[in-house]
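Visitor: For reference, the chains in residue letters:
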Amino acid sequence: MSIGHTLLGLLESGPRHGYDLKRAFDEKFGHDRPLHYGQVYSTMSRLLKHGLVEVDGIEAGGGPERKRYAITEAGITDVERWLATPEKPEPYLQSALYTKVVLALLTHRDAADILDTQRSEHLRSMRILTERKRKGDLADQLICDHALFHLEADLRWLELTAARLDKLRAAVTA
Amino acid sequence: MNARQWARDLRMGAKFAVAGGREGWTRLLLTAVGVGLGVALLLLTTAIPSALAVRHQREEARLDFTYSQAHRKAADNTLLIADTDTEFRGTDVRGRLVEPEGPQAPLPPGLTKYPAPGDMVVSPALKELLGSGSAKLLRERLPYRVTGTIGESGLIGSRELAYYAGAQHLAERIDGWHVARISRFGPPERTPTEKTDPVLVLLVLVVFVVLLMPVAVFIAAAVRFGGERRDRRLAALRLVGSDGRMTRRIAAGEALAGSLLGLVFGTVFFLIGRQAAGSVEVLGISVFPSYLNPTPVLAVLVAIAVPAAAVLVTLFALRGVVIEPLGVVRTARPARRRLWWRLLLPLGGLAMLYPMIGQGRGNGDFNQYLVIGGVVLLLVGVTALLPWIVEAVVARLGAGGVAWQLAVRRLQLSSGTAARMVNGIAVAVAGAIALQMLFAGVQGDYTKQTANDLSRAQMQVNVPKDVPLSAAAGRFAGTRGVRKATALASDDFGDRPWDKGPDITSQVTIGDCAALREVASLPSCHDGDVFLVQGGEYDTDTPKLAKPGRRLYFDTSDGVDRGPEVTWTVPHGLKQARSVDDPTGVRRGGFLMTPAAVPAGMAAAVSKTVFLSLDASMPDAREYARNTAAEIDPTAVATVWASSEQSRKFTSIRTGLLVGATCVLALIGASLLVSQLEQLRERRRLLSALVAFGTRRRTLSMSVLWQTAIPIALGLLLASAVGLTLGAVLLRMTNTTVAVDWPGVLTMTGVGAGVVLAVTLLSLPPLLRLMRPEGLRTE
Amino acid sequence: MTRTAPPAGSLLAAQDLHKTYGPTTALDGAEFSIHPGEVVAVMGPSGSGKSTLLHCLAGIVTPDSGSITYDGRELATMGDAQRSALRRSEFGFVFQFGQLVPELTCVENVALPLRLNGTARKEAERTALAWMERLEVDDLARKRPGEVSGGQGQRVAVARALVTDPRVLFADEPTGALDSLNGERVMELLTEAARSAHAAVVLVTHEARVAAYSDREIVVRDGKSRDMERVV
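Residue numbers (numbering that gives the first Met the number 0), protein chains in the order written: chain A, 0 to 173; chain B, 0 to 778; chain C, 0 to 231.
Here chain A stands alone, though its shape is the one from the complex:
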């Protein structure tokens, strides 16, 4: 999961202070692993350096926690590209996929597209595994089956999520 892209995505709906960003992240994605402030600031300075965000204003008193960040055009393009890029099919993807879906909803993008793209990517892997299984011996078949079932589980989860997009949108934008 890319924290940088996630924070960028959060900024897309409007400029925020660093602590605001942390709070929003924790609330929406960091249920079991809240971000440290340090992570926020180091990520933001990296984004600043790449020109994906800019400082929108500094409140009196100085210090990093007083800086307000805003996303740049380049930042928006970067989020866009990130969302459109499927995750590499591998086990335990859900946190990354979930983040993407929620961000897409928050930024009023088509979350179903993300699912379709991801399904396509999963299928590509599954085709390769199926092909290998067809040509391989029993050991290959069993190993491939393990991977196939995991990928299938991801996809089922995706389908389920897709079927509940409306509910989810209502929940995250509330």
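Simulated from the structure, these hints should not be mistaken for lab results.
Backbone N, C-alpha and C define an ideal beta-carbon position, used for all residues, glycine too.
Check each hint, because a few of them may be wrong.
Stated by the list, open to error - Sample of chain A residues with no beta-carbon within 10 Å of chain C, all distances over it, derived:
1) THR71
2) ALA73
3) THR76
4) LEU96
5) VAL101
What the hints assert, rightly or not - Going by beta-carbon spacing under 7 Å, a handful of chain A positions derived as facing chain C:
6) GLU72
7) ILE75
8) SER119
9) LEU122
10) ARG126
11) THR129
12) LEU147
13) GLU151
To be verified - What follows is a list of derived Cβ distance ranges for each label pair:
14) B:LEU300 to C:ASP79: 57 to 63 Å
15) C:ALA75 to A:ASP144: 43 to 49 Å
16) C:PRO35 to B:ALA235: 48 to 54 Å
17) C:PRO35 to A:ARG45: 48 to 54 Å
Assemble chains B and C onto chain A, guided by the hints.
Guide: Just chains B and C now, with coordinates in the frame of chain A:
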């Protein structure tokens, strides 16, 4: 297993039947209507014996024996009565002229007092007829004033046409034939042990059996309407924990509900039919609704037997079926059907009928039990043989198109269902064919004998003695619709006066030259001539009597009284004539006399017959002739020569049989349709799949046609074979020439085939609807 | 949605299909194309219109609007009889269940499409048996569908679908009623047989593992289609 449990399960089943939603109601109604029709027919059958008994009683109570030779003196308690029965457009009219001779004169049933001379009392049906515009001719024939109606007790049917008219001077017409003096109505004291014609009894028995058998088969089929859907419901019951026996009883309960409702329907149908029966006439027979009271014992029997049969049939039908919680399994491969016991039934039937072969009409009664048993066994044999035949034939059917293959395979898998559906049709057709053969054969015997030459005359009128011959002929010659009237008087000469009894006799025929030419070829003829006829039948004495100068005695008796003595002397110069067939097909012998040669006193003492040749193109020619006859004398007897009449009656019997059989077949067709539709609905997905991969609709429609047509064709074939066998055996029993009534066979099998076609056509629209691709949709 | 020409060389293609059943919209501008010998999975949630798309492509259902071309011919211009003939000779079908005629034996079921095309019975059954051998169900030839397992029945159905050497095989949830092992075997045999016969396969499924036997997939959602290859 106790009774309470039975009752509970049956009740539960009944509840399912009633609470099945629209589908359930439709099924229940179908069952009830089917059973109801059967029950109505059964009730009617149970009512027929009592109806016939009542009819018979009434008929006996009004008997008036005019055919009495006994000489009776006029007294306070005597009545003069003349039989003036006539016919109006093919319907019999019972007519009597009455003249009471004293205050104690007996009243016929249904009358409260005698009509005055010139008045008449009529039956309600005759009153109605006379009041209608179409009966002008009949009104002219009965020129009496209507003063009352005959009560029900004096009539044997609601549609009977009858009248009693007051008359005068009947005493002088007493003839021991149509006019008599009587002192009471009713059967004579010494009732001769009247024996019913055994052939008639046979006919009645066979009609009953033949009509009731398909009804039984149909009721059995009706309680199983919608069986497959029911099976699924039963499976669901098993799933929630009822055991196998319980399920069966619940199924029986459903059938019970249908049959109970059917009893109600049947009673209603019967009551409607009973009321309607009062206003219809079948084969000239009508009855009063009050006659049609079912014999109580038999009615109770029907009320118990039908529901009981419904329960038993259901339990019996489910014996080969295992109801599992997840569905109904018909015992996968039923044991191959065995032939031997199925053959036993019809063979047993033949064996029971065999001893009676050739007994005929004259050799006493048929054993009723053997007749019924034999016919029933033969017909039941059809239902037993058919499943075997269908299975055996279908198993051998092979090559053919796709439609054929689909149908044959389907039949192979469930030939029993198919055979069951066709059983009713087969039994009905077999019975109907046998009956028609019997009717045709027996009827043929009755009509064959008449020698009357219908091309020369179609009607004969017997005119009383006191009407002059020339007047009678003249009156008829002037009647509309009469082409030619030939008036002939006949009598006998004896060698001695008739009160002593002559030793040898000869015939004499009186008529004008034209009339005489109808009975002999005359060289020349003038009024006053007398001819001696050569070539007459049974004419041996004439040469002995035809000696000029010999005195001969006329027979002037009227059947009761001896008449005056009239003699005739054989003249010289008898002309010779050669006898030819007269209009009745007889060659007369003896003497022919022209009117001027007839001695005085003789003209009024001989009976006269007028032979009428009618204009066939005029529909009411007969009625005009009858009116003229009645005008000449009310007691003149007009007879229409028969053969056409007979065949008309036969036609109506055949029509009746055809209508009855068609109704039964239509009913069975309806049940076929129901099961066909149910089957189609079940195969909805399969049909759609078949259409998806390009099966032509025609192929599927044809397969549905074959599927019905194959078993029905087999059924009709078997039915024809059994029907012809039964018909032949019955004809042999009555000693009648065995002749196959092919039109009858063809009609019945044709109707059967028509039912197949109708069922197929009616199941096509739903089939086409089911074949729509929507059937493939799963979402 | 803009209307685009079908990709060059496609065997069966559909553009801008619309179809409604009463108040429900089954197809709302769906597109499709398949090349000879290609296996295309049609995916999507239930009720999305994927079966309707298959029915339209196979000429079983006529779309309200849009065009379907098969081998350069427009299906809409054909009559029902012509489309039936097309289905008999050029297409093959496998459904989820309920497609085998229960009273015919398995070999007769497989031979049925050939017989519908007028092939003599003996010859049809010989060809049928050969296909049954390829699908490893030749030992069931004389059994009736009620006497074989679901997986065997489905393989019989595949043999029946391929017996006419169709150019397009339509499979609607062919493994829907089977467990994973049987389903996999059916898919393996189906795709192998189809590839060796160079038949295109339109495979409607909601299962990813079944779709993994395809070359590419099309997603149908709310009556609209998405060709994932052309998007990515």
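Visitor: It remains to establish, for every hint, whether it holds in the given structure.
Guide: Outcome of the hint check:
no.: 1; hint: THR71; in the structure: holds (27 Å)
no.: 2; hint: ALA73; in the structure: holds (24 Å)
no.: 3; hint: THR76; in the structure: holds (19 Å)
no.: 4; hint: LEU96; in the structure: holds (15 Å)
no.: 5; hint: VAL101; in the structure: holds (20 Å)
no.: 6; hint: GLU72; in the structure: violated (25 Å)
no.: 7; hint: ILE75; in the structure: violated (21 Å)
no.: 8; hint: SER119; in the structure: holds (4 Å)
no.: 9; hint: LEU122; in the structure: holds (6 Å)
no.: 10; hint: ARG126; in the structure: holds (5 Å)
no.: 11; hint: THR129; in the structure: holds (4 Å)
no.: 12; hint: LEU147; in the structure: holds (6 Å)
no.: 13; hint: GLU151; in the structure: holds (5 Å)
no.: 14; hint: B:LEU300 to C:ASP79: 57 to 63 Å; in the structure: holds (58 Å)
no.: 15; hint: C:ALA75 to A:ASP144: 43 to 49 Å; in the structure: holds (44 Å)
no.: 16; hint: C:PRO35 to B:ALA235: 48 to 54 Å; in the structure: holds (49 Å)
no.: 17; hint: C:PRO35 to A:ARG45: 48 to 54 Å; in the structure: holds (52 Å)
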